[in-house]
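J.: Here are the chains, one letter per residue:
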Amino acid sequence: MKRTIIATVNNNSGVMNRITGLFARRQFNIDSITVGMTENPSVSRMTFVVNVDNQRGLDQVIKQLNKQVDVLKVRDITDDSIVARELALIKVVAAPQHRGEISALAEPFRASVVDVGRESVTLQVTGDQQKVEALIDLLKPYGIKELARTGITAFKRGATKSDFETPKYSIIN
Amino acid sequence: MGPKTKEMQGRELKDENQEMTGASMLIQALAREDVDVIFGYPGGANLSTYDEIYRTGMHHVLARHEQGAVHAAEGYARVAGKPGVCIVTSGPGATNVVTGIADAMIDSLPLVVITGQVATNAIGTDAFQEADVIGVTMPITKHNFQAREVEDLPRMIKEAFHIAATGRPGPVLIDLPKDIAAASGFFNYNQSVDLPGYQPTVIPNKLQIKKLADAVTEAKKPVVLTGAGILHAHASEELFEYITKQQLPAASTLLGLGAFPGNHELFLGMVGMHGTYTGNMALHEADLLISIGARFDDRVTGALKHFAPNAKVAHIDIDPAEIGKNVETHIPVVGDAKEALRMLNEYDGTPGDFTEWKKQLAEWQEEYPLWYREEGDSLKPQRLMEMIYEETKGEAVVTTDVGQHQMWAAQYYKFDNPDCWVTSGGLGTMGFGFPSAIGAQFAAPDRQVVAVLGDAGFQMTAQEMSILQELNLPVKIILVNNAALGMVRQWQELFYDQRYSNSIFPIQPDFVKMAEAYNIKGWKIDNPEEMQAVLREALDYEGPVLLDCRVEKEENVYPMIAPGKGHHEMEGIKP
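Chains as they are written, first to last, in the numbering used here: chain A, 1 to 173; chain B, 174 to 748.
No lab work stands behind these hints, which were simulated from the structure alone.
Take these hints with a grain of salt, some might be off.
Unchecked claim - Restricting the straight-line Cα-Cα distance to at most 35 Å, the calculated cross-link-like pairs of lysine-lysine (DSBU-like) are:
(1) K63(A) <-> K478(B)
(2) K418(B) <-> K384(B)
(3) K73(A) <-> K383(B)
(4) K384(B) <-> K498(B)
Given only the sequences and the hints, what does the whole structure look like? Please build it.
T.: What follows is the structure, encoded as structure tokens:
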């Protein structure tokens, strides 16, 4: 099952290395990781999409993350009401006669053309994973030359700091 | 412990808030952390630190290989119950302590390791004796730091000691670049530790304790599994009260030996691959398994699909990640073993009735005790362990490497007291036993320390005999010499059709002469008749001693759970 986990971590050098190393050595299966600064410059926020077999596997991911000294808080937000977005850059083969079509496809996705070359256009799309994938599927017939996706970044809707408190990983905490 | 009050080998502590070098800060901080001995080895990148050691007279033990230093720090930590400190240089100095750090990580021993590093402007340039020690040790430390500013150093050291010693103990490494050690800054050690990402749960949840207590009342066949967490928490007294008050049968993991007295009638012995029949069958048949400070290692559980099939599992551990990791847990209790046991002892539950269960256990103990054949005129390693137990009255600190001799020591030396047993459990490190005995002797200068070693493991760190010679340290080395890598040989015999690939030594050094080269008294013994007398003489001898005991070469460790088998499928349970 796919789960979306967010973590706040100290913005120290090497923290990303600690986390990815942990995932690798514990054989945790990761779909994507994103990381970036938060409103507090000494704290970064990470969003992981992990693939786990069962609840126990998920518990281990969260508990092992929590053991890291540089990890401040961890939470599985999959079942919460969340805002989850990723950004994709899609370079599509676009002969002049197809450019109109491609723009028309892009419009309902609110994707924008960010670069135009002689034989291609580059689209930028933002949204949840399904939306991004839907656009990619539609563009495939034209020929995708390059694709870059950021992976999901997410947080709880209307979340205030106070309700991002108790991690759910254990029934006794 | 205020500044200027504690003497450091005749030298006073320096005042706070004065300018000093990073190296000086390090030594001042170590003194404030009550460090009474450092194990280490100097080199290019930690010259400033060693200069400071020279000038302050800080007690430093010079190993002859960094691996010796780090294992000594581990032995010290295990027996002293506080962090062992190890200082080595960059590059090869640092990579030579990697084995010891990994060993300390998996066995939860508190260490503070300070590695030298090339100067900050040279980091990342493949400089002379540069290694990415932070990268290398990231997965095998509880946490690690690299000092980038001299004024960060006091905070880092304080945090390192805090992280190493609290919660589930473990090794913490500080990588100290050469220029930071030489740079000057203001020293302030009077700060509190502020680590929002590190808040171990010490006090367990009351409701969980009640659940556990109720489960004991309801149980018909309970068993307690005692692990090293009890020793780390200094909770032996609380454990004794709990077990004797509730009249619960108790078995131990390898590393938990001594947490509960080995000679007590409620003690069932060690469990696991070479555990006692009764201990293993107790886990297999139990309806309630209370694990305290143990982590369900595969050598303990055997095949997980057969593990404790009928038991409700209660698991007390300070590390929440251990709960449910390998074994599904019904009553998780996150917290310090001492606190948990104290709360359990306060809880007034109806005591359970385990008469039938105890009768069954007693029958097993009667029917399937540990056994070995005493025949011919060869020296039996098991008998040797019994003799060591008899001659030391069970009061010695015993250290071992890994393998057959380790299992025999665990089976036949009845550990009656806590903190008497130093062994490499999780990592199974050859070469651990001897240097860890040196560290143990520093932690317990008035106690007898016996290093029970295999002839193979001893050769991995034998150079540390220099320390015994130099300091006249009365460590007693007892070689269980079967001229082989005994456990490898045993597995090749049992599972590889006796194809003894590289496990039997075609030649061996003369260990007695080797000892004599270090001015250490040596004996060779090969018959059972003279064993006890020589052992007594050796143990009574004032200085260091090496006993080369030529034991039966073909002897195997039994009983045994073969790989992939469960506790109920033990082999070699009877002669």
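J.: Hints first: check each against the structure and report whether it holds.
T.: The hints, checked one at a time:
Distance restraint check for K63(A) and K478(B): the Cα-Cα separation of roughly 23 Å lies within the 35 Å cut-off, and the hinted pair is therefore satisfied. A hinted pair counts as satisfied when its Cα atoms are at most 35 Å apart, and K418(B) with K384(B) qualifies at roughly 18 Å. With a CA separation close to 29 Å, the supplied pair K73(A) and K383(B) stays within the 35 Å bound. Between K384(B) and K498(B) the CA atoms are separated by roughly 21 Å; this keeps the pair inside 35 Å, and the hint holds.
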